Structure formats: structure tokens, C-alpha cells
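**Q** In case you want the letters, here they are:
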Amino acid sequence: MARMELRNVRKSYGSVEVLRDIDLDIDDGEFIVLVGPSGCGKSTLLRMIAGLEPISGGDFLIDGERMNDVRPRDRDIAMVFQSYALYPHMDVARNMGFSMEIRGAPAEERARRVAEAARTLGLDTLLQRLPKELSGGQRQRVAMGRAIIRDPRAFLFDEPLSNLDAALRVEMRLEIARLHQRLGTTMIYVTHDQVEALTLADRIVVLDGGDIQQVGSPLDLYERPANRFVARFIGSPTMNVVPATGAAGGVRLADGARIALPHLGDAGNAVELGIRPEHIDVVGAGAGDLEATAELVEHLGSDTNVYAQVDGLGPMMVRVHGNIAARAGDRLGLKIQARNAHVFAADGTALRRAERSA
Amino acid sequence: MNVRTPTTVAPGETRARSPLYWRYAVEPFVYLSPAVILITLVMLVPLVVGISYSFQSIAILNPLKTGWVGFDNYAALWSDGKFWTALGNTLWWTVASVTLQFGLGLGLALLLNRHFHFRRIVQALVFLPWAVPTFLSALTWAWLFNPVIGPIPHWLAALGILAEPENILGDPDLAMWGPIAANVWFGIPFFAITLLAALQSIPGDLYEAAEMDGASAWQCFTKITLPFLAPMIAITVMLRTIWIANFADLIFVMTGGGPANATQILSSYVFTTAFRKLDFGYASAIAVALLGLLLVYAAILLKIRQKFVKI
Amino acid sequence: MTTRSSPLLSAARYLALALYLGFALFPLYWLLKIALTPDQLIYTEGTRMLPTLTTLENFRTVVFQTPFLSYFRNSLVVSLGTAAVTTLIAAGAGYAFSRFRFRGKKLIIGLMLVTQMFPLLMIIAPIYKMVAALGMLNSLTSLIIVYTAFNIPFATFLMQSFFDGIPRDLEEAAMMDGCTRFQALRKVVFPLTLPGLGATLGFVFTAAWSELLFALMLINSNETMTFPVGLLTFVSKFSVDWGQMMAAGVLALIPSCIFFIFIQRYLVQGLTSGAVKG
Ligand SMILES: Nc1ncnc2c1ncn2[C@@H]1O[C@H](COP(=O)(O)OP(=O)(O)OP(=O)(O)O)[C@@H](O)[C@H]1O
Ligand SMILES: [Mg+2]
Numbered sequence: 001m002a003r004m005e006l007r008n009v010r011k012s013y014g015s016v017e018v019l020r021d022i023d024l025d026i027d028d029g030e031f032i033v034l035v036g037p038s039g040c041g042k043s044t045l046l047r048m049i050a051g052l053e054p055i056s057g058g059d060f061l062i063d064g065e066r067m068n069d070v071r072p073r074d075r076d077i078a079m080v081f082q083s084y085a086l087y088p089h090m091d092v093a094r095n096m097g098f099s100m101e102i103r104g105a106p107a108e109e110r111a112r113r114v115a116e117a118a119r120t121l122g123l124d125t126l127l128q129r130l131p132k133e134l135s136g137g138q139r140q141r142v143a144m145g146r147a148i149i150r151d152p153r154a155f156l157f158d159e160p161l162s163n164l165d166a167a168l169r170v171e172m173r174l175e176i177a178r179l180h181q182r183l184g185t186t187m188i189y190v191t192h193d194q195v196e197a198l199t200l201a202d203r204i205v206v207l208d209g210g211d212i213q214q215v216g217s218p219l220d221l222y223e224r225p226a227n228r229f230v231a232r233f234i235g236s237p238t239m240n241v242v243p244a245t246g247a248a249g250g251v252r253l254a255d256g257a258r259i260a261l262p263h264l265g266d267a268g269n270a271v272e273l274g275i276r277p278e279h280i281d282v283v284g285a286g287a288g289d290l291e292a293t294a295e296l297v298e299h300l301g302s303d304t305n306v307y308a309q310v311d312g313l314g315p316m317m318v319r320v321h322g323n324i325a326a327r328a329g330d331r332l333g334l335k336i337q338a339r340n341a342h343v344f345a346a347d348g349t350a351l352r353r354a355e356r357s358a
Numbered sequence: 001m002n003v004r005t006p007t008t009v010a011p012g013e014t015r016a017r018s019p020l021y022w023r024y025a026v027e028p029f030v031y032l033s034p035a036v037i038l039i040t041l042v043m044l045v046p047l048v049v050g051i052s053y054s055f056q057s058i059a060i061l062n063p064l065k066t067g068w069v070g071f072d073n074y075a076a077l078w079s080d081g082k083f084w085t086a087l088g089n090t091l092w093w094t095v096a097s098v099t100l101q102f103g104l105g106l107g108l109a110l111l112l113n114r115h116f117h118f119r120r121i122v123q124a125l126v127f128l129p130w131a132v133p134t135f136l137s138a139l140t141w142a143w144l145f146n147p148v149i150g151p152i153p154h155w156l157a158a159l160g161i162l163a164e165p166e167n168i169l170g171d172p173d174l175a176m177w178g179p180i181a182a183n184v185w186f187g188i189p190f191f192a193i194t195l196l197a198a199l200q201s202i203p204g205d206l207y208e209a210a211e212m213d214g215a216s217a218w219q220c221f222t223k224i225t226l227p228f229l230a231p232m233i234a235i236t237v238m239l240r241t242i243w244i245a246n247f248a249d250l251i252f253v254m255t256g257g258g259p260a261n262a263t264q265i266l267s268s269y270v271f272t273t274a275f276r277k278l279d280f281g282y283a284s285a286i287a288v289a290l291l292g293l294l295l296v297y298a299a300i301l302l303k304i305r306q307k308f309v310k311i
Numbered sequence: 001m002t003t004r005s006s007p008l009l010s011a012a013r014y015l016a017l018a019l020y021l022g023f024a025l026f027p028l029y030w031l032l033k034i035a036l037t038p039d040q041l042i043y044t045e046g047t048r049m050l051p052t053l054t055t056l057e058n059f060r061t062v063v064f065q066t067p068f069l070s071y072f073r074n075s076l077v078v079s080l081g082t083a084a085v086t087t088l089i090a091a092g093a094g095y096a097f098s099r100f101r102f103r104g105k106k107l108i109i110g111l112m113l114v115t116q117m118f119p120l121l122m123i124i125a126p127i128y129k130m131v132a133a134l135g136m137l138n139s140l141t142s143l144i145i146v147y148t149a150f151n152i153p154f155a156t157f158l159m160q161s162f163f164d165g166i167p168r169d170l171e172e173a174a175m176m177d178g179c180t181r182f183q184a185l186r187k188v189v190f191p192l193t194l195p196g197l198g199a200t201l202g203f204v205f206t207a208a209w210s211e212l213l214f215a216l217m218l219i220n221s222n223e224t225m226t227f228p229v230g231l232l233t234f235v236s237k238f239s240v241d242w243g244q245m246m247a248a249g250v251l252a253l254i255p256s257c258i259f260f261i262f263i264q265r266y267l268v269q270g271l272t273s274g275a276v277k278g
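Protein chains in written order, with the UniProt record's numbering: chain A, 1 to 358; chain B, 1 to 311; chain C, 1 to 278.
Calculated directly from the structure, the hints in this document are not laboratory data.
Note that the coordinates shown come from a computational prediction; the quantities given were computed from them, not determined experimentally.
A couple of the hints might just be wrong.
Label pairs and their in silico Cβ distance ranges [as the list claims (entries may be wrong)]: (1) B/Gly214 x A/Asn340: 51 to 57 Å; (2) C/Leu8 x A/His89: 43 to 49 Å; (3) B/Ala157 x A/His89: 56 to 62 Å; (4) A/Gln194 x B/Ala210: 35 to 41 Å; (5) B/Val48 x C/Ile109: 16 to 22 Å; (6) C/Leu8 x B/Gln219: 19 to 25 Å; (7) B/Leu91 x C/Ala84: 36 to 42 Å.
Sample of chain C residues at the chain A side, in silico, Cβ under 7 Å [to be verified]: (8) Asp169; (9) Leu170; (10) Ala173; (11) Met175; (12) Asp177; (13) Cys179; (14) Val188; (15) Pro191.
Heads up, the beta-carbon is just placed ideally off N, CA and C, and yes, glycines get one too.
Construct all of the structure, not just a fragment, from the sequences and the given hints.
**A** Pasting the structure below:
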């Protein structure tokens with residue numbers, strides 16, 4: 001069980017600053033997911049928490065105790081690597097029991113705990129195998145088994161599922177969620193996968209360019225992104241962003257359309273309007289806020305994706321629930337759900353919703 | 001949520017380095033220091049001393065003329081005909097040896113990179129010459145070239161390459177081929193081993209993909225094998241060229257640099273000057289000249305490598 | 001790799017292999033032949049492929065009537081000592097190069113490259129002076145130290161490529177599992193580098209086994225002479241007795257060949273894993 005605090009944590013390699021002033025409090029038992037574009041420093045942050053990478057500046061505390069100078073082995077944190085990092089020369093049982101072996105736990109206790117963990121993960125019959133004799137999914141389980149056997153005060157995962165196929169990924173994702181429910185241990189999880197992030201996290205931390213862009217619950221990030229980056233990064237398909245000028249009680253788009261945004265206190269300094277594909281409705285030509293031509297229509301069964309060319313504005317994507325009869329070349333009207341629209345100022349920050357500032 | 005506390009240290013401000021920082025900073029040197037200390041004491045310090053010899057007169061046979069002489073040794077070098085002959089011979093010896101060793105080594109590596117019966121044992125046996133002490137290889141090859149006790153002159157005469165079975169080691173025009181042959185024999189395994197290792201690390205599916213694309217065997221070789229081998233080729237050819245240019249043992253035992261300096265290369269010239277004439281100052285000047293040439297060569301090769309090797 | 005070669009092509013391949021084998025082994029055969037030929041036939045039957053008479057007399061003389069066994073033992077001590085010490089030190093240095101980023105790394109690698117570039121002859125006189133000043137002439141220890149230094153650079157690059165082939169994650173996982181770095185090295189990295197260690201050992205052993213020039217300079221007492229130097233004394237002291245000399249040569253070949261046959265596979269294997277990263 002562990003509460004973690006990062007205070008102005010920095011990391012630089014020589015003169016290159018990779019992370020700056022990271023402030024983050026992680027509650028006991030919380031499931032935190034780190035997301036961000038490739039190279040933004042997610043793994044680096046995770047490795048600093050693990051103690052595998054020295055911290056260049058700031059403080060890192062676990063349960064109020066400063067950890068900067070504590071070696072990985074003394075932090076009592078377990079980590080699951082993307083490559084699994086199973087010891088190739090040890091069989092599954094020894095791989096899982098290795099941490100107890102190092103700490104000098106008696107052999108019987110070790111065997112008992114390994115058997116117990118193997119049962120939970122369905123590895124009972126594989127204990128005598130070498131890692132090279134296992135499938136990808138089995139290796140993944142062994143890597144998890146190695147972590148849970150220690151009963152650590154926190155788990156770190158660095159893209160643990162990225163080497164698995166789609167079906168297995170879903171299965172293991174559920175397994176991890178169950179694990180978190182059962183153990184209630186603090187977990188920090190790095191991923192590229194939106195679905196993993198949105199389904200697993202208590203809170204998501206969005207990193208970009210060495211800074212934390214936003215911290216919040218999945219719903220928070222989806223509904224109230226703090227800036228243009230988070231808005232476009234979270235949610236799939238990606239949010240449409242079009243140029244706009246602020247006007248009284250709303251914005252005016254480049255094609256002349258006015259969108260009323262009563263929920264915004266003041267949209268005076270807006271330069272862009274953001275709207276998610278699922279927050280646009282398709283209506284008959286002439287009946288919406290915008291006029292468009294459908295270029296491509298994808299029928300997914302439960303949803304329909306429409307790639308539209310909007311007159312005077314450019315391409316926009318629309319996702320409609322259920323099936324609609326539109327075909328490529330059709331003229332459509334698009335109606336923007338104003339209360340789900342976002343507007344951004346010139347520096348990219350989202351203009352606050354009135355209900356939030358109130 | 002995201003509570004900011006007052007910063008304890010402003011960014012950029014330094015504060016006492018943490019123990020872990022020191023551990024990370026010092027640890028590599030713990031692992032490295034024995035190697036560095038030993039190399040410094042046994043190789044680098046003597047190297048500097050050796051270079052300083054080239055600016056001194058240290059002729060044991062002429063003890064009165066001992067002391068610093070500036071660039072006198074180098075001036076003498078410039079007008080020494082034997083030095084220029086040896087330079088030409090060094091070039092010939094090195095280029096011929098490296099080319100043959102590399103070509104034949106690559107051929108052997110390609111042959112060994114497939115499955116056939118007794119592959120393991122064949123591989124162990126063809127690599128064997130590398131384990132033979134140089135001195136012994138030199139003697140053996142000197143025997144093989146001797147028409148009284150060796151078969152090679154008779155074979156060459158039978159093939160019409162030689163007019164009669166004479167000892168090529170005694171013929172100024174041909175003598176260099178003796179040590180080159182011994183050197184090739186001894187050096188093929190080095191290239192074969194390193195290139196075989198590089199070949200085995202080329203992913204097999206690349207060839208399959210190329211085959212699907214309809215590439216011929218020759219195209220596979222030039223478009224996949226060679227580009228993948230390029231980094232290994234660059235580094236091994238560089239190391240080997242330098243090593244061979246410095247390698248005087250075979251020549252020293254087989255011909256002693258003769259006949260009439262026909263096989264004298266720079267490094268054997270260093271050796272005879274130092275240990276026959278006991279003129280250490282002049283020997284050092286020759287050695288420094290050789291070192292300079294090799295450094296230039298290595299620099300050029302590294303530049304070329306940077307340009308062409310992409311992987 | 002897929003193979004769909006014509007019979008002609010594979011015949012050519014076997015022929016080429018046979019030629020390579022012949023080229024590699026024929027000189028060794030000749031060495032053995034001379035050693036087995038009785039003295040009086042060496043010149044008269046010089047170029048016959050098979051001697052009409054063979055004898056083990058040369059071997060007997062070499063083993064029982066010359067100090068050969070003592071040379072042999074000295075060489076064994078020097079080569080094994082050099083191989084063990086070099087491998088240990090080079091493993092440390094190779095590990096540092098492979099796993100750490102630190103100030104001065106480029107400089108140290110550069111210096112190591114320089115040591116591979118100059119003629120060793122250049123430092124033979126300074127080294128002689130140093131060893132003499134320390135009163136360590138004629139000692140096997142001084143030979144071991146000198147050979148170790150000579151072999152460290154290449155052995156280090158070799159070891160580095162072996163370590164590069166072992167994923168860093170493994171060590172980090174071990175450290176997360178509670179190991180100190182050294183424990184991780186011992187329990188996880190070391191068992192995986194065994195082939196690499198074997199290859200380096202063998203490589204250095206062979207190099208030390210055949211070194212002549214420095215042994216010639218630093219050793220001149222019969223008790224501490226190594227075999228290449230000892231072999232030279234066959235030329236000078238006992239008037240040149242080729243048969244005996246070749247017999248001694250054959251005997252001296254045995255350990256390095258045995259060693260080499262065992263390790264060459266690991267040399268290829270180890271370099272393969274390292275070569276992936278170039
Ligand atoms: N040892 C290093 N030396 C120098 N720069 C490094 C080093 N390790 C990482 N970096 C840099 O730090 C930045 C962050 O790397 P990191 O591995 O944390 O990214 P990441 O967010 O995990 O990316 P990915 O999603 O691709 O795994 C990158 O720009 C990388 O180039
Ligand atoms: Mg990463």
C-alpha cells in the first residue's frame with residue numbers, strides 16, 4: 001500500500017531536458033495511467049519511480065518518505081516490462097520465485113507462494129517450462145506472476161500488453177483490472193492504447209513535451225479537456241478542430257455559420273472550435289449548421305462513420321449511432337451539439353465552461 | 001488533485017549531489033578501472049616514452065651520440081631509400097593480404113552459413129589455422145616453399161607457373177608471395193568467423209520476402225546480404241588492415257626482410273633497426289611514421305563508413 | 001534460409017569446401033609428417049607425400065631429453081593466467097561500456113583503439129626498461145601482466161558485444177526483484193554470457209600461447225622460458241634439428257587446437273547476438 005508524491009521532479013540527459021517540474025500525488029490504491037505521444041517521457045517517469053533511472057531534480061516520496069536515493073531493491077515496488085524480461089535460463093517457477101530467493105525466503109514458503117500465484121494465473125501446468133517454451137500470453141502471465149508474488153506496495157507496468165494480439169489484449173486487460181480490484185494496490189500503467197487507458201484508469205495523466213498536460217478521471221478528460229492537445233489526444237476517432245472567431249454568446253466559423261454556445265461564459269478570445277465526431281448529428285441538407293458532401297461512408301454495424309467535406313471549412317468526420325442511409329456523394333446538413341462543443345484560445349487552452357467556473 | 005507545493009529547489013539551481021547520483025557516476029569506473037590502469041601503465045605510458053625516443057639518438061652502438069636531436073631522425077627517414085621501399089612493400093603486403101583474406105573468408109562464411117552434413121566438424125577444422133602459433137606457421141610455410149623438403153615449388157612448376165622448382169622465397173620478384181600465402185592461410189578464419197556471425201544474425205524472413213518478390217540469388221546477395229554485412233565488414237577490414245600492416249612476425253621468420261629488402265615492410269624494418277642495429281631512436285621514428293599513416297587510414301575509413309553504412 | 005539449389009551447384013559447393021579444408025589442413029599435415037619422419041630421411045624423402053618410414057623417436061627425444069616439458073608448463077601457466085585475468089578485467093570493462101553512459105567513455109574507447117594501431121615493437125624497449133627496473137625480468141608474472149594489457153582492448157570489445165546481446169531489461173527486472181547490480185550481474189547476466197566468456201578465454205589463450213617477441217625480450221633463463229622461445233633455442237643450441245623442432249611444434253599445437261575447437265562455436269554464437277545491434 002503506498003501513497004506517492006512527485007514534487008517538481010525533473011529529468012535531463014546531459015543538456016536535453018526530458019521531463020520538467022512534474023507534480024503529481026497518487027493516492028493509496030489508485031490506478032494511474034500515463035499516456036502521451038511516443039518519446040514524451042512516460043517510460044522515463046516510470047523508471048524514475050522504479051529507481052532504475054536517477055532523478056535529476058525534485059523529490060519523490062512514498063508514504064512521506066523521500067525515495068530519491070533509495071535503490072530499486074529497497075523501494076518494494078514491482079514492475080512488469082514490455083518485453084516481459086523473463087530470465088531465459090530459469091524455469092517458470094524459479095522466475096516467479098526469484099525475488100523471494102534473493103531475499104532468502106525459505107524454500108517451502110517460496111514453493112507455496114509460487115503455486116498459489118500460478119493457480120490464480122492459470123500457470124499450474126507450466127511451472128517446469130523455460131520461457132522460450134511459452135507462448136506470448138503465457139509469458140505475459142509469468143511476468144505478472146513474478147510481480148504479484150512479492151506482494152509489493154505498488155505495481156508499475158510499461159506497455160505490458162503491446163506485444164499481444166487483440167483478443168489476448170482484451171483478456172489480459174480484464175485480468176489486470178481484476179487484479180487491481182482484488183489486491184487494491186497502487187498501480188501505475190503506461191500505455192499507447194486509448195481503450196486500456198479509459199477502461200483501467202482511476203485517473204489518467206497526459207504527458208507531452210516534458211510537461212503534464214492534464215490529470216483527471218477518464219470522463220473528465222473526455223468531457224473537459226484542459227487544452228487542444230488533450231482534446232485531440234483523448235477520444236477516438238479524433239476530435240474535429242476548425243478555425244473560429246469568438247463572438248457574443250458563441251463563435252463564428254470560416255464559412256459564416258454562427259454556433260451559439262450558451263454554456264460558455266465568454267468565447268471572445270476563441271480561435272478554434274473543437275467538436276467530437278460523435279457530437280455531430282446528420283440532418284437533411286439545409287437543415288443543419290453546416291452544409292457538406294459525404295466523401296466516404298463506413299458502416300460499422302453499431303455506428304456509421306461519415307467523412308464529409310464541409311463547404312467553406314474543409315474535411316470533418318462524423319460518427320452517427322446506428323445505421324443511416326447516406327452514401328458517398330450525398331449532400332448532408334450537419335448539426336453541431338453545442339453543449340458538447342469546445343473552444344480553444346490562441347495558446348491552445350480550452351475556454352472554461354460556465355458551469356465549471358461558476 | 002494536482003497540488004503544487006512551493007519548489008524546494010529552483011530549476012537549474014545546484015544542490016549537494018545525492019548519494020545515488022554518486023553511485024551512478026562512480027559505478028562504471030569501478031568496473032572499468034582495472035582495464036584502464038593496466039592499459040595506461042603497460043601500453044600508453046610506454047607509447048609516449050617510445051614516441052619520445054624518436055626525437056633522441058639512442059644508438060647503443062654509438063653511445064657518445066646520445067641525447068635529444070629534434071627532428072634529425074625524421075630528416076634521415078625522408079632521405080632513406082630503404083624506408084620508401086619498405087613503405088611500398090607495406091602497401092603491397094597489406095593490400096594483397098587483406099584482399100585475399102577477406103575474399104576467401106567471405107566465401108568460406110557463405111559456404112558455412114548453410115546446413116550440410118558434418119558442418120560442425122568441418123567448421124572447427126577450417127578455423128584451425130588461427131590457433132597455430134605464428135612462429136610455427138611461418139616455419140611450416142617456409143618448409144613448404146623449400147624445393148628440397150616442400151611440395152609447393154614442384155606443384156607450381158608442374159602447373160607451368162614456375163619455369164623450374166626454385167624457392168620463391170629467394171627470388172626478389174616473387175618472395176613477397178611466401179609470407180602473403182602464410183598470412184592468408186592464417187587469417188582466413190578471422191574474417192570467416194566474424195562474417196559468419198554477422199550472416200547468422202540476418203533475419204531469414206528477409207530472404208523469403210525477397211524470394212517472393214522474385215529476386216535472384218545474386219540479387220539477394222547484393223541487395224540483402226552485403227548491406228547487412230557492411231557494418232561488420234567495415235570494422236573488421238579496418239582492424240585487420242591495421243593489424244596486418246603492423247604484423248612483422250611471419251616476414252621476420254620466413255625471409256628476414258630479404259632477399260635484397262624485397263620483403264622488408266615498415267614494421268620488420270623497425271624490428272631490424274631496433275634489434276639488429278640497436279638504433280632505437282631511428283626505429284622509433286619509423287614506427288611513428290607508420291602509426292601516423294595508420295591513423296590517417298583509420299580516419300578516412302571511419303568517414304567512409306559514416307557515409308555508407310546506414311544500419 | 002530456403003534452399004532450392006541444383007545438384008550441380010551443391011556439388012560445386014562441396015568441392016569448394018573440400019578445397020578450403022585441404023588448404024587449411026595441408027600445412028598441418030606437413031608439420032606432422034616431418035615430425036614423424038626419421039632424421040636420415042628428412043632430406044632424401046623431402047617432397048614425398050607419405051614417408052616410407054615413420055617414427056616417434058623425435059617426440060621421445062623432445063619430451064625426455066630436452067627442457068620441453070618445462071617450456072610447456074611455463075606456457076600453460078602464462079596462457080591460462082593471461083586468459084583468466086584478461087577475461088575477468090575485460091568482462092568488467094565490456095560491461096561498463098555496454099551498460100553505462102558516463103563522461104569520458106568516448107575518450108577511453110578512443111585510447112583503446114589507439115592501442116590497436118601502433119606497432120607493439122615500438123614499446124618493447126620502454127617495457128623492457130620498466131620491467132628491469134622493477135626487477136621482474138625472467139618472471140612469468142611480468143609476462144602475464146604484459147600479455148593481459150595487450151589483450152584487454154580486443155577482449156573488451158568482444159565482451160561488450162556479448163553484453164550488448166543481453167537485454168538490459170533482464171538486469172533491471174532482477175534489480176526490481178531485489179538484487180543489487182552486482183547480484184544481477186552474477187545471477188542473471190553472468191549465466192547468459194557463459195558462451196561469450198568461453199570464447200574470450202579461448203581467444204586470449206591462443207594469442208598468449210603463441211606470443212614470441214616480448215617473451216624473447218623479457219625471459220632468458222631456461223627455467224621460465226615459454227614454448228615459442230624454447231622452440232627458438234632448438235634452432236640455436238642443438239644445431240638445427242628440424243625433426244625435433246617440428247615434433248615440439250606438434251606437441252605445442254595440441255592445447256591451443258583443443259581449446260580452439262571447443263570455443264570457435266561460441267565465438268560465432270556470441271558475435272551473432274551482439275552483431276544484431278551493430
Ligand atoms: N538514455 C537516454 N539518453 C538520452 N535520451 C534519452 C535516453 N533515454 C530516453 N531518452 C529520451 O527521452 C525521451 C523520453 O523517452 P521515453 O523512453 O521515456 O519515452 P516514452 O514516452 O516511453 O516513449 P514510447 O511511448 O515510445 O515508449 C525521448 O525523447 C528519448 O529520446
Ligand atoms: Mg516507453
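**Q** Now tell me if each hint is right for this structure.
**A** Going down the list of hints, with the structure as the test:
The beta-carbon spacing between B/Gly214 and A/Asn340, approximately 54 Å, falls within the hinted interval of 51 to 57 Å. Roughly 45 Å separates the CB atoms of C/Leu8 and A/His89, a value that falls within the hinted 43 to 49 Å. For the pair B/Ala157 and A/His89, the beta carbons lie near 59 Å from each other, so the given range of 56 to 62 Å is met. A hinted range of 35 to 41 Å for the beta carbons of A/Gln194 and B/Ala210 is consistent with their spacing of about 37 Å.
Checking the proposed 16 to 22 Å range against B/Val48 and C/Ile109 shows it holds: the Cβ atoms sit about 19 Å from each other. For C/Leu8 paired with B/Gln219, a C-beta distance near 20 Å keeps the hint of 19 to 25 Å intact. The hinted range of 36 to 42 Å is satisfied by B/Leu91 and C/Ala84, whose Cβ atoms lie roughly 39 Å apart. For C/Asp169, the shortest C-beta to C-beta distance to chain A is roughly 4 Å, which falls under 7 Å, so the interface hint holds.
The interface hint given for C/Leu170 is met, as the beta carbon of that residue sits about 5 Å from the closest beta carbon of chain A, less than 7 Å. Checking C/Ala173 against chain A by beta carbon gives a least distance of about 4 Å; that is within 7 Å, so the hint holds. Nearest Cβ of chain A to the Cβ of C/Met175: about 4 Å, under the 7 Å cut. The hint holds. For C/Asp177, the interface hint holds, since its Cβ comes within 7 Å of a Cβ in chain A; the closest pair sits about 4 Å apart.
The closest approach between the C-beta of C/Cys179 and any C-beta of chain A is roughly 6 Å, which is under the 7 Å cut-off, so the hint is satisfied. Given hint, C/Val188 at the interface with chain A, holds; its Cβ is 6 Å from that chain's nearest Cβ, closer than 7 Å. For the restraint placing C/Pro191 at the interface with chain A, the shortest Cβ-Cβ distance is roughly 5 Å, inside the 7 Å limit, so the hint holds.
Checked against the numbered hints given earlier, the structure satisfies every one of them.
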